[in-house]
Structure formats: C-alpha cells, structure tokens
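A.B. asks: Here is how the chains run, residue by residue.
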Amino acid sequence: MSKEKTGTDTSATDAAGGSGDVSVPAFSRRDFMRAAAAVAAGGGAWMVSHPSEQVFGWQLDPRKCQQCGRCATACVLTPSAVKCVHAYEMCGFCDLCGGYLQPGAKAQDSGAENELCPVAALKRKYVEAPFYLYTIIEDLCIGCGKCVKGCNAFGNGSLQLQVKQEICVHCNDCAIARNCPAQAYQRVPVAKSYMLKTLEGGGAPKA
Amino acid sequence: MRRLPCIFALLLLLAVAGQATAAFRFPIPEFESGYQHPTPVTPAPRLIPPAVDIAALAGALSITAWLVLKRRSRREVLLMAVASVLYFGFYRKGCICPVGSVQNVANAVVGNGMGVPFVVAVYFFLPLLFAIYFGRVFCAGVCPLGAAQEILALFPVQISRPLEHVLGLFAYAYLGFAVLAIYTGAGFLVCQYDPFVGFFRLGGTFNMFLAGGILLLIGIFVARPYCRFLCPYGVLLRWASIFSKWHVTITPAECIQCRLCENSCPYNAIVVPTPENAPDDRRAGARRLGLLLLATPLIVIFAGWTGLASHQFIARIHPTIRLAERVAAEEQGVYAERSVESEAFRAGSKTPADLYAQAEALRIRFKTASACFGAFMGVAFCGRMIRLSVIRRNRDYVADQGACLSCARCFAYCPVGKEDAAF
Amino acid sequence: MPLSDKNKPRFAANETLWRTAMTVAVVAGLFALVVSTLLIANYLQMRAVNPLDNPEIVKLRLQLAQSQEPNPTLSEQIRVLDLLARKAFFTSQKQLQAGAYLLLGGVVVLALALYLAGQSRPRLPLPNPDVPAPGYWTVRARARELIALAGFVWVIGALLAAHFTRLDVPVPAATASLGAPVIPAKAGTSLPASEEQQKTQPAAAPTVTWPDWATVKKNWPSFRGPGSYGVAQFTTAPVEWDVESGKNIKWKTDVPLPAPNSPVVWDNRVFLSGATADKREIYCFDSDSGQLLWAYTLGKLEGTPDAPPKVSDETSFAAPTMAVQGDRACAIFANGDLACVDFSGKLLWGKNLGAPDNHYGHASSLIAFQNLLLVQFDQKANGRLVALDLSDGHEVYAVKRGIISWSSPACVETPTGFQLLLNSSKDVTSYEPLTGKQLWQLKCLSGEVAPSPAWGAGLFLVANDYATATAIKFAEGKTPPEPEIAWQFEDALPDTSSPVGTDTHFYLSTARGEIVCLDAKTGKQAWMQENEEGFNASPIAVGDRIYLVDRKGMVTIFKDSDSFEKLGSPTLGEESFATPAFMDGRIYARTATKLICIAAG
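Residue numbers (this note's numbering), protein chains in the order written: chain A, 1 to 207; chain B, 1001 to 1423; chain C, 2001 to 2601.
Keep in mind the hints are simulated off the structure, nothing from the lab. Be careful, since some hints might not be right.
To give an idea of the chain A side of the interface with chain B (calculated C-beta under 7 Å), a few residues [as the list claims (entries may be wrong)]:
1. Ala38
2. Val76
3. Asp173
With a Cα cut of at most 25 Å, we get these calculated SDA-like pairs of lysine to any residue [unchecked claim]:
4. C:Lys2400 <-> B:Glu1330
5. C:Lys2380 <-> B:Lys1245
6. C:Lys2218 <-> C:Asp2584
7. A:Lys64 <-> C:Ile2403
8. C:Lys2087 <-> A:Gln108
9. B:Lys1245 <-> A:Arg34
10. C:Lys2087 <-> A:Ala74
11. A:Lys64 <-> B:Glu1331
12. B:Lys1367 <-> C:Leu2160
13. B:Lys1350 <-> C:Val2171
14. C:Lys2218 <-> C:Gly2417
Computed list of chain C residues with no C-beta within reach of chain A, every gap over 12 Å [to be verified]:
15. Pro2122
16. Pro2308
17. Trp2527
Computed from a prediction, not measured in an experiment: that's the story for all the values here. Just so it is clear, CB atoms sit at the ideal spot from N, CA and C, and this is done for glycine as well.
Isolated chain A, as found in the complex (with noise of 0.2 Å):
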C-alpha cells in the first residue's frame, strides 16, 4: 500500500483541506474561483432562461385527440385533470346525441342502457323543439373521452378534453403526454392554456 503522496497538495484534488492548513489570506484565489462561479451561476441563470417564452403547462389539442381513454388513467392525480369541456358553440344540439347516448341506444333517455357516460357526467336539458343542451358535470367528469369519441364520430366535435389547468399540477414531464399515442400534448403558454377548437374560420351553415 502507499504510504504517502503529499503531491497534490493544493490543487483541485485536495478537497478535505484538513484543519492543518487554516491559515488563508483575506481573499485568496479559491474565493476569487468561488467568487466566479456565483457570477456564471447567475449569468447561467439568465442566459438558460427565456423570459419571453414561458412555456409552463401542459395541454391537449383536440384536434390530435384520438379519445384513447389514457388521459383518464395515465395522469398523476386520480382523478385525472383532464375533464371534458363543451364548446357550445359548436354544438347541434341534437336530440339524438353520438355524445350523450350508446350507439344504437334504443331510446333517447338517461336510462343506464342507453347513456354513453359511464359516470353520467353529461347532462341533458331540453332547450327548445328539436334543440337539447349538453353540459357536464366537473365532479363526475373522469376524463375517459367516451362522449368527446362519440361527438367526434357522429356529431360536429364540440365535445373536448382538456387539461383543466386549475386541477393539473402542472408536472415537468407530463404523466399523460408520455402516454398519448397521438402525440396531442404540448406545452403551452399561461396565457393561452386552452385549446378548445372554436366556432371561428368559415363558420357553420345556419339551419
């Protein structure tokens, strides 16, 4: 075994700088080194950090949604953060809902056999002949995407998940984006935390 390599005396290498050698000068070069790197830290900080583009939370595009059903399951939070919203404007408000009822539901009703929602979160009020209104309940909302799979397959696709950025943790590396086949997630700006697809270019014929 060795006996003794006293050689590295003061550079780098000697971390455990024994209480041996305490006596230092008022501002030696170690401080000067420390000194330095305070600065590039801070430097660091400012250059790594894009005030301007505060990319900050997570959400979906609707557009890319391929309502698989893992928002409801891959999120952190149980229940997830994702719910369903409606963009009312975009909606027929169809008495025979794809949204609302089972494919092939023999009655327009909220009878067990013939409601879509496996937690009955969508709502159904009557608005006027032939017009129903479809709204959701947050509480009850789990996020599976069965109604926004039906509103997309039979109806115009006002049924949306979206990450409810009031409930979402806002996780560094989403939970649910790793998991979505359809690479709908992103990140997304504070100021516009929604992706809602809306009414707006072209606009929809008028009955």
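Based on the hints, put chains B and C in the right spot on chain A.
C.D. replies: Leaving out everything else, chains B and C in the frame of chain A:
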C-alpha cells in the same frame, strides 16, 4: 363525393373511428327562445408568482445555513426539514424542485429549443451557489425528498465504506442517463421516476408508491438511500460542496481526537485521521496511481465504446423508436392487431417510411449520446479509483465536504464546547 | 450560556417516555400496515375489474343493441349492473382518498413516536475499540477492488445488451414510392440486363396500341368527361326536352342496381356500374337503342373481403364512376374490388386493392391515361395513387398518399405537359401521369374534400366547403411547373360538386343550391344565383353553355357569361346525383333508377 351523413348514418356507422375532424355534420341551430350559450368552463391555472417561489427557496436555504453553521442545532435542522416537507412537498406538491430542474437546464443547453423559465433556472443555480459557500445545506433541510428521508431515518446504521463508494457511482449513472434521455428527447426520467412525489400528491401510480415505499422503508435503516445513491442533483451539489468556503465542521473548536463522533454519521461522511502506521510499500501505491493515471484515457475510451456498442439497447427508451419497431413488426405481419400508438400514427399523415427515417435519425443521436454516457461513466469510475489511491493527510476527524449532508447529527457527539475555542 | 450547550441533547434516558412512545409507535405502525394493505387490496381489485368497463355490462349492451325490439328485462339488468359498477367506482375512489390521509397520519404518528423513543433511550456515543476494524488502508483497498468489480459487471452488462439488442426498424427507403417492383436478386447469380428488364416489366405493352389523346377527347371516357375536368368537346347538346311527353328523349332504360356513379361513353357503348352490399355489377348499354347489352356480375376476386364495407347511404357501394379506354372498361367498388372487362362483357382481369378504410365509403372515380388505369385510393391509412397496366392489371407504380379524400383525379394537358391532379383533405398534388413522379404540391384545402380539380384559362381551381376555392397559376416556362396562388374565394363553396372552368370563368355549385360565377382572371364573384335544391352532381361546360343537374333532377342550363342568362331548366324526371355525359348532339343522364338519352330531333 358524398358527405353529410344523415341521422340514420349514426346507427349504421357504429364502429367508425372518429378522427374525421372539423366536419360540421349538423348545422348550428338558430334559437327562437332567446337561449344564450353558457361559456365553456376553462379556468386559468392557479399560479404561484415566481417571486414567491424564489423567495421561499432563498429563505429556506438561508435559514438552514444559519441553523447548521451558527445555531449548530440538530433539532432545529430537523424542524426545518419538517417545514420543507410540508411546504415544498405537500403544499407545492414536489414541483418545482431543483432535482428535476437539472433536466430543464440540460434541455436548454443541448438546444432542444425549449427555454428554461427563470424560476426553474434559479432553482437550479441557487442551491449550487449556496453549496459553494456553505456546503450542502439544500440537502440538509430544504429538499423535500431529502427532508422526507431524513425524518424517516429513524434507526440509521452505517453501511460498509467500500459499498458506499460503489453505490455512490449509481448517482453518476443516473445523472448521465437522465441527460442522455434529455439529449435524445426520450423524456424527463428524473421526474418520471421521482419516488416520493406520489406521497406529496397523495396520489399516483401503484409502481410509484411501491418504489417510494421501498426506498422509505430502506431509509429507516440505511439513511437517505435516494440522496446518496441516486440523486442526480446530489452529484452536482457534491462537487460544489467540495469547494465550499464555510463548510460545517464537526467540532465547534479544536478536535481533541476523542473518537466519540466516529460512529455518529450514518452517511459515512466523517473522514478519520490518516493513520501514522502507513502500510508496507509506498512504492507500490505510487506505481498503482501512475498506472491508473496512464490507463485513464484508455478506460474512458473503452467505456465510451461500450456505451456506443449498447446504443441500440438504450435507444429503446425512446417512444418513437418503440413505435417504429412496432409499426415495422406490424407491417411484416408479426402482430394480428395494431397497438393504440400504431393506430394513432396511421391516422396521421406520416408514412411508415417517414417514421423509419425519424427512428434512424434518433438512432444516430443515441449513438453519440450513448458513447458520451459511457465515457462519462468511465470518467466517474476513474475519478473514484484515483481518489481512493491518492492520500491526503489529515490529523483530525473532519467532514468529507462532498458527502456531508450538513444534517447536524454529529454535533451532539463532540464534547468540545464552543467556549473551548481558543479565540 | 453558549448556544452549543443549550442545543445539545443530554443523552439522558427517560424510561416512561420510552415505553409510552414505543406503545404509540407499535399501534401507529400496525395501523399504517393495515391501511396500506387495504389500499393495495383496493388497488388490485380495481385493476382486476375496472367497474367502468365492466365486461358484463358491455356484453349486455351489445346484446341490447343487436335486438330489434326494446327489451325491458335486458334494460333493467343493465341498469342494476351499471348502478353497482358506479357505486363501486365512486366508493373505491373515496376509499383511496381517505386511505391516503389515514396512512399519512399513521406514518406521521409513527415517525414522531419513534423519534421520541430514540430521544428517551439514547445510544451513548462510544468510540470503537482501539484498533478500528477494518483498518483505514484495508477499507480503501476493498473499495478499489469493489469498484473494479462493479466496473467489470457494468462492462459485461453493456456488452451483453449490445450483443442481444438489435432494433427492428427497417432502413428507410430513399424514395417515397411504394410497391415499386423489387426484383429479389438471387445470391450469386446476376441476371443479364435484358432479362432483368423483362422481369421488371412483365408485359411491356406487346402489341396493344392505346388510343391517343385526340381519340380519347372524342369520347366520354371518365367522370366529367375527357381528362375528368368537366369540359365537353362536343358543343351540340340539346337545351330543351321533356321527359313526360318524350320530347327530345331518344330512349329511357331501367338500370338494375342503383348507384350514384355517372355514365361513361366510348363509341356506341354506355357503361355504368351498380352495387348493393353483396352484389357488384357492370352494365353496358347500346348508345343508339338504350338496350342493356350485357350485365357482368363480379364474382369473388383475389382478396375480396367477406364482409361488405361500411358506407354511408349517400355514398353507397358503387360511388366511383367507371373509366373506359379503347376496348375495355374498368370499375371499382366500395370494397376495393377492381374489375376490367372488354366490350363483350368478359372479365380481362380483376383484383382487390384491399378494403378501403373510409368512413363514408370509397368514392374516387377512375381515370385512364395511355396504357395506365389510375386509381386514387385515398383512405385513412395507407392511402395511395396506384397505376395499373390496363393490359393485365399489374402494378406499374404506386405512390404513397397521406390523407383521406373523396375527390377524383383530373388529367390535364397543360403547356408544360400532362399533369395528373389529385385533391386530398389537406392539399392538391400534381403527378406525372406515366411515372407517378410528384411535380408539385400546394396545401390549400381542408375538411373532408370531395370536389375534384378544375382547369380553365390556364389556371387550376380546387375548392371545398369550409375551406377556400384556390386558383393556381404557373410561372411561364418553368419545368417542373411552380405553382402559385392566383386568387382565393371563400363565400360559397362546393361540398360534393366539383367546380368547372371555361376560358373566362369558373363556376361553383354548392350543397345549399348556390351557383357562383367567378371571373377567372381576378377571382371576383361575377354573379350568384340561388337554386331551390342543392347540387351533388358537377357542372359541365358544353361550348358556351353550362349544364348543372340538381338533386331533384332539374337541369339548369345557363350561358358562360358575366351575368346569369338562363337558357332553360328542363328536368330529368326524378332525383339525380350523377353528372351526365355529353356526346355529339346527345346527353346521357343517370337518374335514381334510369339511364336517359336526350337527343335533339
């Protein structure tokens, strides 16, 4: 030619996969009863102003540094740890944290086109800055992950020092691998495998709880397993702390060599005095060190090569690579059914050829990254070996500035009082 | 008093406190254990049967959906089960939440108690026996050995991983072309060049000569006429007739199976196809007498799927119009069956291109160019443009296409040569018809695109409802041609009907019944006319007149002019979705049940 399916189509098209977007199948009604649309419920995020986050961190770091260096009180440091678990852990739900910020900074540095918010940058640099001056006070009482483990380290035992050295290398591997994942765009592994965040949120996946629970149970006896053997940020803090100016000392005054503190540190972070009875051959040691220094470049290159060789293995962490493999297998008829990912991919406008090209580009990126990762591990390996071959003499019982977490346990064991200091 | 002394624990034992703390710790520990066991049990139970996708309910629902009549017992069963499932779900969610708090509380009490216990019965600090074991030097040596061992294990692991892992991702092909003939080169034997040539092109058009463009133009070989862009070569079609009284009606014939596809004409033969879910037929009529000469019923071709495709009512099972070229006619059906028959009704070749993944049903019409039959086989995934040799149906080239559409190809003779134009639901793409080489692409469409491209005044026009109508011009003398947007129009846009262009104007007809005339130079709307009924069929330019059939079968005939000048509005007598064929002095129109030939005199 034909569109606008009538209502009966609803019954016919039972199994239509619904990505036919942007089609207004039904006209928007014009209401006569004066009905007005409710507004869609899209509440803004509940934000904590960046200044509060930064102030909280800076305050917590300052208080901990004061408690450790001035007050020298274990109980108060522990109380600080409890407070940090409550605020940074349970209240802020473990995000944002400096441990994860390593990845955001790496992401900005490798140029993945994503800036780092200023708060995150501060969270990355501030604890390092404190470490340069005061040692790892961040670990002592600010980091919620560390603090949770510190609180639950109820019956700590010392593990053998050689084992400590080996296990410590895992943290380097984790850091290197996390940066590799960032560089290749495979994800934020450190956040993904954060073992304790599930507890802070009181919710999470089963596997997360399993990993966290096992770590905490181990941590009752082997104190702070995550901090010592895994934490990627700990590696950086260790290196900053080695050069720290006012690092905590075991004794408030002069060491009297009483050896009472010898077994007080559960982290094996007390350097014992170098014994005088140096073993036999001083030459052999010198030769070994010389050989090691000569071999270091070769070892690093070899390690880089092993990384390069296993790049295809590592590349499977990337979802796009996995998707490309799946799609290729499906094209060859290996699977009877398409996976959800593959189905979603096929609904998009990209062709399998595009995907393969993308996977190929990624593979090349993984080649570089894996080689660098291997070389980094080679450096870490050689560094440890060299450190174990170099003798630095010291007479007293002192803290190993790199490994010491400033937990303040050892203070109680030192019989020397502050009044004994010969000022 | 110095701080250090005050803050130092006393290392003083307190037996009572220790006992109490340990009792509390044991109780809290047991409690935490029980709660975590319950939580794990709850989790496993939830995972085993996720109440929200209960297979039992799914089964019952399917049963109910399949039953014709309402079934109260079944409904009741579903309701009961569903209630149970929802209860189970919400209860378990509440349990999980409550359990998490309980566990947390237990752990806090446990930690506190154990901490107190540790304080009240401290381990006194005692130095190790005299000789520290293992000694300072031994520890370092052991550590070096162990690290070396770890490094060795690491390397072995890495090499094993490297040896056993190969990514199964194919090397991407250099070109995007798909299904190009690949000759499996046999190891060791290299074929002579000529032989290789022969293998690549098994039937390099031995003796058949294909009709030239001039001959094609004298016929009505595909949807919307020669080149499929809606311009008739003959300008002598009648402007007035009466189906009721038979005025100017040369003949009327019943068509056995209905379909929305349009008639195609070659010499004295008129072709149509018709289909139901399980029957596919091609009809040939004599153009002078209207007599059904033969009907060919397709059998099962190679690869024909057993199940009928899912189509919408409007699209039905035979939406694509046939293509006819020289001595043969081809038809494609919604299940992907493609058949080529000669003029006597004999099958020359047939194949299935794979069931199209298309939620309304395949709708793109066929078009022939020289020796090639060009199929726009757009669908959700694996969409492609396929060129088949008309002589035997072998694939000459296939080009991958990204996105679904219901539009049909147009083949236009431009100053820079023939261009094959295909719309998709995102863009319009131009190909070289003989090679499939992409000439240019322009992203200017969106939605579900069914209208096909138009050509007039040196411009292409593509349009779709909820998108825009875009006129595309070309810089002079550039090869390959470089597209440029000349103008765009957004007010009234076609849904299924295709636009048509003349030398001075473009005409759009919408599903809501608007007819819009646009100035070809500027894109400004010259006029707009509202029709009571919407349009599915496409307008055809016949000389200086435009013919346009609405859904009820009324034909609006107006002048190609800056103002709306109606020349007549005779009717076909019943609903019509097809675009008529215009030959010398004759119109062949398909209605819901009939094929009608209109001829002056």
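A.B. asks: Checked against the structure, which of the hints given earlier come out wrong?
C.D. replies: Structure breaks hint 5 only.
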